[in-house]
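Undergrad: Residue strings, one per chain:
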Amino acid sequence: DGGITQSPKYLFRKEGQNVTLSCEQNLNHDAMYWYRQDPGQGLRLIYYSQIVNDFQKGDIAEGYSVSREKKESFPLTVTSAQKNPTAFYLCASSPGQLHGYTFGSGTRLTVV
Amino acid sequence: AQSVTQLGSHVSVSEGALVLLRCNYSSSVPPYLFWYVQYPNQGLQLLLKYTTGATLVKGINGFEAEFKKSETSFHLTKPSAHMSDAAEYFCAVSAGAGRRALTFGSGTRLQVQP
Chain A
26 DGGITQSPKY LFRKEGQNVT LSCEQNLNHD AMYWYRQDPG QGLRLIYYSQ IVNDFQKGDI
86 AEGYSVSREK KESFPLTVTS AQKNPTAFYL CASSPGQLHG YTFGSGTRLT VV
Chain B
565 AQSVTQLGSH VSVSEGALVL LRCNYSSSVP PYLFWYVQYP NQGLQLLLKY TTGATLVKGI
625 NGFEAEFKKS ETSFHLTKPS AHMSDAAEYF CAVSAGAGRR ALTFGSGTRL QVQP
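Taken in sequence, the protein lines are chains A and B. Read in order, the letters of the first sequence correspond to residues 26 to 137 in this note's numbering. Read in order, the letters of the second sequence correspond to residues 565 to 678 in this note's numbering.
Since the hints were derived computationally from the structure, they do not count as laboratory data. Keep in mind that a hint or two might mislead.
Pairs of lysine-lysine residues, derived as BS3-like cross-links and limited to a Cα-Cα distance of at most 27 Å, are as follows [unchecked claim]:
| id | chain 1 | residue 1 | chain 2 | residue 2 |
| --- | --- | --- | --- | --- |
| 1 | A | 34 | A | 108 |
| 2 | A | 96 | B | 613 |
| 3 | B | 613 | B | 633 |
| 4 | A | 82 | B | 633 |
| 5 | A | 108 | A | 39 |
Please read all numbers here as calculations on a predicted model, not as lab measurements.
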């Protein structure tokens, strides 16, 4: 079955460390997105990519980085520059804005 | 710029009662509008969408929403709540040049009382 897979489901990081969240899709979607979810704040856009080898900053890109070397993969790195990284991170993909998004099941990152 | 406002962070209804979750949007161009549902510690699932055409759209699990341009609203309704409807609901809008990405509201948590 086609879908979008995020791993790991739970991730713990020490302060000062970089960590990479995985996002893989086999839906053949061109566009992929990363959102951050905090209680009471909805989803906020971190980065998005509409095509391989191209990506754009979203509303809260500071302290994060991404790559899009393959259509299927859009990993997110949370760097030590991110001041408050503890959150639930959601990856999504889409064949186009008319269709809405397919979401992964999320990664919960906790800084310890 | 596009934005979404969801009125009421928490809504509680009795089982069998009408569900009404409110969403107002801001957009300078015709928007695409979406409702998503999220169960605890899971991703979001698309309930329904409005892009063009009929303003009353039906979605999964008996939900529907009506696009009202004059009121800039896209409220979500269900005639009779079921215990399994308890979840968080997000309204989202896509609008503007290039329609870069969805902008989400802050969410409404729906409680269903037995």
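Undergrad: With reference to the structure, classify each hint as holding or not holding.
TA: Hint-by-hint comparison with the structure:
1. A/34 to A/108: 21 Å, holds
2. A/96 to B/613: The given pair, whose Cα atoms are some 26 Å apart, holds under the 27 Å limit.
3. B/613 to B/633: Distance of about 15 Å is within 27 Å: holds.
4. A/82 to B/633: Given pair residue 82 of chain A, residue 633 of chain B is violated - Cα atoms ~30 Å apart, limit 27 Å.
5. A/108 to A/39: At roughly 12 Å apart (the allowed maximum being 27 Å), residue 39 of chain A and residue 108 of chain A satisfy the hint.
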